[in-house]
Structures are given as structure tokens and as C-alpha cells.
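In order, the protein sequences belong to chains A and B.
With this note's numbering, you'll find the first sequence wraps up at 263, consecutive numbering, no jumps.
With this note's numbering, you'll find the second sequence wraps up at 380, consecutive numbering, no jumps.
Please keep in mind that the hints were generated in silico from the structure rather than gathered at the bench.
All of these numbers come straight from a predicted model, not from anything done at the bench.
Built from N, CA and C at the ideal position, the CB exists for glycine as well.
Calculated from the model, a selection of chain A residues having no Cβ within reach of chain B, i.e. all distances over 12 Å:
id: 1; residue: PRO2
id: 2; residue: SER53
id: 3; residue: GLN82
id: 4; residue: VAL83
id: 5; residue: THR133
id: 6; residue: ALA225
id: 7; residue: PRO238
id: 8; residue: HIS258
Reference excerpt, derived from the structure (chain B facing chain A, CB under 8 Å, subset only):
id: 9; residue: ILE7
id: 10; residue: VAL8
id: 11; residue: MET10
id: 12; residue: LEU13
id: 13; residue: PHE14
id: 14; residue: SER16
id: 15; residue: ALA17
id: 16; residue: ASN18
id: 17; residue: VAL20
id: 18; residue: TYR21
id: 19; residue: SER24
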Amino acid sequence: MPSVRLAILSNAGGSGKTTLSIHLAYELARRGATVALIDLDPQGSLSLFCGLSPAAPEESTAAVLREEFEGDWPLVQCWPEQVQGVELCPGGLVLTQTTHEIALHPRGSYLLADRLVDYPLPHDCLIFDCPATLGPLPMLALAACTHILVPVQLQPKSIQGSSKLLEWLYLMKRQLRLQPEPQILGFVPNQSDQKRAAQRQILESLPETLGKINIKCFPPVRDSAEFVNASAVGLPLPLHRPSHPARKDFDEVAKAVHKLIGG
Amino acid sequence: MAKKRPIVDMDNLFSSANQVYQLSESEEKIQELTAEIERLRQTPDASELETELERLRDQLVQGGGIREILVAQIEPNPDQPRQTFTAESIEGIAASLERFGQLQPAIVMEAADKFLLFDGERRWRGARQLGWKTLQVVVIPSKSELHREALLTSLHREDLNPLDKAEAILKELNENTQLEPEQIIRELGSVMRRLSKQGKLAQLTELVSTSTQTQAQGLDTLKLSENERTLLLELLKLQLNPASVSANIFPMVSLWDDLKQAMRDSGLKGFQAVALNQLSPKNLNVTSKKAANIRAKATAQVLAENLSVAKTRQRVKQILLDHQPEKPAPKSNRAIATATKTLDKLSSEILSSASPEQLEQLQQRLRDKLEEISRAISER
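Modelling step: build the complete structure from the supplied sequences, incorporating the hints.
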């Protein structure tokens with residue numbers, strides 16, 4: 001099993017999970033690492049953001065979690081013309097079905113972790129993109145991950161939501177009796193708009209607030225329409241607009257993860 | 001300027017995360033403590049010691065019961081081998097007392113109108129720090145052999161530092177052999193050097209963990225003087241390796257007082273102290289006051305930077321190099337110094353008793369020399 005398995009967790013919609021996932025994957029690949037993006041989101045946005053058409057149920061993460069899975073991971077290469085080393089295991093609506101199956105399965109929350117033990121992936125890093133809930137699907141990621149990244153919008157509702165997320169994390173870590181416990185790698189402030197006073201203030205005090213509970217706050221990713229445009233054409237921003245200043249906003253996070261990989 | 005009122009109350013938004021964080025921190029702390037207790041239990045010495053103290057305490061509680069006495073009435077045992085109580089360790093025990101209360105009574109001895117501590121000096125110091133008026137104790141009758149018992153119970157504790165150990169051992173040997181401490185150190189040093197030359201050290205070391213009888217017989221084969229034999233037997237009885245006591249522990253006694261103080265109060269390690277001990281007035285070529293200052297500065301550095309023994313030695317070497325006495329003055333300087341001194345010797349008595357011719361001759365020579373000196377100066 002790869003030593004770095006990263007769960008991108010947030011219970012808020014639109015907090016930038018998928019954006020963070022693909023940019024991180026791209027940046028790691030650019031640094032020479034191999035990455036598998038595992039989509040645990042029924043919305044399957046990762047496929048869209050990678051410019052791939054929606055996957056059939058038997059070609060998605062749902063198939064991996066089924067009893068009859070035999071190790072044939074449905075991986076698709078992302079941006080093969082531009083960069084080597086990023087593969088995607090797609091999500092999709094069928095994962096809502098999986099949610100019910102997990103509830104009935106005796107190893108429910110450990111299904112994904114078990115699959116990775118039985119049929120390990122050769123990549124340097126796995127990234128689990130989770131849905132915006134605190135339900136069974138993120139639990140799969142939690143039980144299988146070594147590290148956690150939390151993207152958060154600089155808005156009171158999102159901040160409060162992330163606080164609830166930490167509460168949930170704490171509870172789940174105990175209930176799942178994870179050994180070793182996954183480490184929170186940090187928070188990534190997203191869609192940062194420095195023109196708004198409230199955002200400025202939150203961004204200013206967030207590192208200290210997080211520092212008090214021993215969590216790192218990465219530099220913010222700015223708000224830009226180009227992120228939306230890039231996702232619409234299925235590319236990470238640096239491939240879509242190579243000279244856009246926001247392309248460097250993921251550097252710190254990528255550097256931290258790359259270091260974990262041993263790069 | 002008044003602080004601008006924040007738009008967003010981050011602490012409030014983040015309150016649930018703060019709560020779980022604190023909860024998980026204390027859970028971790030509890031886990032750590034549990035592991036620590038388990039670890040201590042598994043250390044053979046500690047467990048024996050604890051069992052022994054536990055047994056003693058139980059007996060005492062049953063016999064005399066726990067009493068509550070005034071903290072002010074308690075005095076530390078001057079014979080307590082452990083004299084090292086860092087501020088940190090007292091802080092620790094104080095925090096524990098405040099939080100969990102006194103879990104175990106201290107053991108004290110009744111002595112005239114006061115109580116001497118037998119076990120529980122850290123608890124007592126912690127209680128004083130917290131301003132507690134009373135402490136729970138069990139009282140044992142005064143014992144003449146107190147030192148030996150206290151020594152035996154704490155000699156093998158790892159946190160007894162070599163200085164405390166050295167002084168405790170010396171005191172014990174002094175009481176049982178009537179030899180003075182200096183003599184003990186000297187005699188032990190000389191017998192160790194002799195046995196080492198004869199290649200018999202291993203033979204001696206083997207005796208450490210044998211019965212007293214075997215130890216006595218073993219010593220008979222080593223051709224020792226009466227004093228040497230007594231000393232070695234006493235050390236072996238305490239299960240101490242005489243070679244190690246002589247090489248590592250006794251040198252602590254001759255350390256500078258400031259270094260001893262640092263070992264007791266600030267946790268300076270024995271080998272660090274031995275290295276720093278080289279910073280003597282003689283080696284540094286300065287007054288003792290200046291040397292003490294240099295030592296104090298170096299000691300503070302060693303502690304602050306937590307230097308390893310090797311690094312400490314390096315630092316000391318550098319300091320000594322920096323204080324090398326100046327090179328002996330060149331020949332010309334010495335000649336001038338000698339001439340000046342010789343001139344000084346010409347006292348007014350000598351001059352008044354000299355003949356006028358002699359004086360005129362001298363005057364002429366001096367005039368010539370003065371001219372030469374003026375020239376030498378003007379050429380500079």
C-alpha cells in the first residue's frame with residue numbers, strides 16, 4: 001500500500017475538494033510522483049475535471065468495493081498528452097448504492113482499506129476525493145488514509161463547518177480505532193478574495209486559531225474564474241492557463257505531500 | 001488605539017473543534033501516563049524498589065496510621081542520598097498534587113520536635129510550593145542506620161546523579177571504615193591503578209554480583225592492604241563496581257562548587273561537569289573569580305544548548321585555547337627588562353658609596369645609551 005494516502009475531506013459543498021485533488025495530483029506528477037485519484041463522490045466531478053466522460057458503474061470505485069472485486073482497478077489516465085503519472089478511479093451515482101451496502105457489510109467502513117491491502121496500488125500517493133457529507137463514504141476514506149487535507153472557504157459557515165468536521169473526525173477515529181491514526185496535514189483556504197474584509201480577517205486569524213489545536217494552515221488558493229473555466233475543459237489550471245498567477249497557489253501543499261512521499 | 005472589533009468571531013465558530021482537541025489531548029496524556037506506569041513497573045530495579053516502599057508503607061499505615069502533619073514541621077533528611085531536585089521535577093510533582101491530591105503518604109521519622117523525611121522529598125517540596133499547610137505522612141521511629149537504608153533504596157535509581165552518589169558512597173564508606181573521604185578516594189585510586197597494571201580488574205569486577213562470602217574470598221587473592229581490602233569489600237557489598245566508582249563517580253567530589261551546584265539544580269550531567277571542570281584558574285591563566293565567571297557562562301551554554309558530552313569537551317577546549325597565555329616575550333624584550341631591573345638595583349646607598357670616577361663612567365655610559373634610545377624611538 002502506498003505510504004501516503006490522502007483523504008480530502010470537507011462537509012461543505014463547493015469548498016474546493018475536487019479542485020484541490022486534481023491540482024495536487026497534477027503538481028505531484030509534475031514533480032515525478034505517480035498518483036491515483038480515487039473518487040468517492042457520487043457526483044463524479046473528478047471525471048469531469050479531468051476531461052473524462054462519466055464512467056459506467058462497473059468501471060467505478062463502486063465496483064472496487066463490491067464483494068466480487070478481484071483486483072482489476074478501473075484506472076484511467078488523466079491528461080496523458082501533457083503529463084505522466086496521474087490515474088483516476090472514477091466515482092459516479094452508483095456510489096449512492098454503495099452507501100447502503102456499506103451499512104450492511106460487516107467490515108463496512110474498512111472496505112476500501114481492505115481492498116488496498118488485498119489489491120495494493122503501485123502509486124506513490126493515493127488521493128481520496130470525498131463527497132460533501134459526513135456519512136459512510138468519507139468513513140471509507142478515513143479508515144484507508146494516512147493523512148487528511150481540509151479545504152475550507154473563508155466564510156463563517158465554512159469555518160464553523162470545518163470545526164464540526166474536526167469533531168466528527170475525532171469521534172470516528174475513536175470509533176474506528178484507527179492505528180496509527182491519520183494525521184491532519186492541514187487546512188487549505190480556498191477561493192480567497194482579499195477584497196472582502198471578512199475574508200481578510202478570517203484568513204488573518206485562521207493560522208492562529210488552527211495553530212492552537214496544532215493544525216497547519218497552508219497559504220490560500222485565490223478565487224479565480226479561471227479555475228471554473230479550466231475545470232470546464234477538463235484541465236488543471238497550469239495546463240489551461242500556463243501563465244496564470246494562481247497556478248502557484250498549490251505549491252506549498254504539493255511540496256508538503258511530496259516530502260511525505262519522500263521526494 | 002482601541003483594537004478594531006472583529007467582524008467574525010473565530011473562537012466561537014471554532015469552539016467545538018477546540019473542545020474535541022482538548023479532550024483528545026487529555027486522552028493522549030492519560031495514555032502516555034498509563035504507558036509510563038507500565039514501563040516503570042517493568043524496570044526491575046524500580047519495581048523492586050516500589051514494591052519495597054509499598055510494603056513498608058502498608059505496614060506503616062497499618063501500624064501507625066496516616067497522620068496529617070504541618071509541612072513546616074518537616075525537614076528534609078540531610079542524609080538523603082538524593083540531593084538533586086530540579087525545578088522541573090518539583091513543578092511536575094506540584095502539578096500532580098494539585099490535580100490529583102496526595103496519592104501516597106510521605107514517610108517521616110520523628111526527631112525531637114520535628115520530622116525528618118525518609119521518603120517523599122519531592123512531594124514535600126511540591127506541597128511547599130503549592131503553599132499547602134499539611135502533608136499526609138506515616139511516621140517511623142528514628143533509625144541509626146538510616147543512611148545505609150536510604151542509600152540502598154536509592155543507590156540504583158537512575159535519577160540519582162553521580163555527585164549525589166559519590167557523596168553518599170563516601171559517607172557510607174567513611175562511617176564503616178573510619179577513613180577520611182580524601183583518603184578513601186586516594187587509596188581507591190591507587191589500588192585501582194595497581195590492579196589495572198596487574199590485569200586483575202576483570203577479576204574484581206566479577207565479584208560485584210556475587211555473595212558477600214565469595215567477595216571476601218575473592219579479595220583475599222588480590223594481595224591488598226588492610227585499608228584497600230576494607231574499602232573494596234564495602235563497595236562490593238553495595239553491589240558497586242569499584243573501578244567505575246573510582247573512574248566515574250568519585251571525580252565528581254573534586255568538581256568546582258559551582259559545577260556541583262549546576263548538577264544539583266539544573267540537571268548538568270556528570271560527564272559534562274567533568275569536562276567543564278578543566279576551566280580552572282590555572283588552565284585559563286586567570287584569577288579564580290574570573291575562572292568562575294567563565295565556567296558559569298560555559299555551563300549556562302551547555303545547559304541551554306543541551307550540548308552532548310563530546311560537544312561540551314570541544315567547547316571547553318576552544319575556551320582553553322582562547323585563554324592560552326601569551327607567548328614568552330622575545331629576546332630583546334627580555335634584555336631590556338633585565339637592564340631596567342639592574343638599573344633599579346642601583347639604590348641611592350650604592351650610588352653615594354661609589355667613587356666619583358665610577359659615577360662619571362656610569363653617567364657617560366648612560367648618556368650614550370640614552371642617545372641610542374632616542375634614535376631608536378625617532379626611527380619608529
